[in-house]
Amino acid sequence: MADKKNTVIKVGRDAGTGQFVTVKEAEKRPKTTVIETIKIPKKK
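Throughout the sequence shown, residue numbering follows this note's numbering, covering 502 to 545 in sequence.
Simulated from the structure, these hints should not be mistaken for lab results. Hints may be right or wrong, so weigh each one.
To be verified - Here are the simulated lysine-lysine pairs, BS3-like style, with alpha carbons at most 27 angstroms apart:
hint, residue 1, residue 2
1, Lys543, Lys511
2, Lys506, Lys525
3, Lys529, Lys540
4, Lys506, Lys540
5, Lys540, Lys525
6, Lys511, Lys529
7, Lys511, Lys544
8, Lys506, Lys529
9, Lys540, Lys511
10, Lys543, Lys506
11, Lys544, Lys506
12, Lys511, Lys532
Unchecked claim - So the derived label-pair ranges between C-beta atoms look like this:
hint, residue 1, residue 2, range
13, Ile541, Gly519, 29 to 37 angstroms
14, Ala516, Lys540, 19 to 27 angstroms
15, Lys543, Thr518, 28 to 36 angstroms
16, Lys543, Gly517, 29 to 37 angstroms
17, Val535, Thr508, 19 to 27 angstroms
18, Pro542, Gly519, 22 to 30 angstroms
19, Lys544, Phe521, 19 to 27 angstroms
20, Lys545, Thr518, 17 to 25 angstroms
21, Val509, Pro531, 19 to 27 angstroms
22, Thr523, Lys545, 29 to 37 angstroms
23, Gly517, Thr538, 19 to 27 angstroms
The model shown is predicted, which means the values in this text are computed figures rather than measured ones. Using N, Cα and C, we set each Cβ at its ideal position, and we do this for glycine too.
Produce the entire structure from the sequences given, and follow the hints as far as they go.
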């Protein structure tokens, strides 16, 4: 049977400006950044 799992990507985002930052940078600055988990579904 084919693999039906979704692809999961984590991205860091600055909470004030909305700019993307690396996840490593976001972990260093937890007060001003957010780590978002984006799920990308498999195409049929």
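Structure-based check of each hint:
| no. | hint | result |
| --- | --- | --- |
| 1 | Lys543 x Lys511 | 17 angstroms, holds |
| 2 | Lys506 x Lys525 | 25 angstroms, holds |
| 3 | Lys529 x Lys540 | 24 angstroms, holds |
| 4 | Lys506 x Lys540 | 10 angstroms, holds |
| 5 | Lys540 x Lys525 | 19 angstroms, holds |
| 6 | Lys511 x Lys529 | 15 angstroms, holds |
| 7 | Lys511 x Lys544 | 20 angstroms, holds |
| 8 | Lys506 x Lys529 | 30 angstroms, violated |
| 9 | Lys540 x Lys511 | 9 angstroms, holds |
| 10 | Lys543 x Lys506 | 7 angstroms, holds |
| 11 | Lys544 x Lys506 | 11 angstroms, holds |
| 12 | Lys511 x Lys532 | 18 angstroms, holds |
| 13 | Ile541 x Gly519: 29 to 37 angstroms | 20 angstroms, violated |
| 14 | Ala516 x Lys540: 19 to 27 angstroms | 21 angstroms, holds |
| 15 | Lys543 x Thr518: 28 to 36 angstroms | 33 angstroms, holds |
| 16 | Lys543 x Gly517: 29 to 37 angstroms | 34 angstroms, holds |
| 17 | Val535 x Thr508: 19 to 27 angstroms | 20 angstroms, holds |
| 18 | Pro542 x Gly519: 22 to 30 angstroms | 24 angstroms, holds |
| 19 | Lys544 x Phe521: 19 to 27 angstroms | 24 angstroms, holds |
| 20 | Lys545 x Thr518: 17 to 25 angstroms | 37 angstroms, violated |
| 21 | Val509 x Pro531: 19 to 27 angstroms | 20 angstroms, holds |
| 22 | Thr523 x Lys545: 29 to 37 angstroms | 33 angstroms, holds |
| 23 | Gly517 x Thr538: 19 to 27 angstroms | 20 angstroms, holds |
In this structure, the hints that do not hold are numbers 8, 13 and 20, in rising order.
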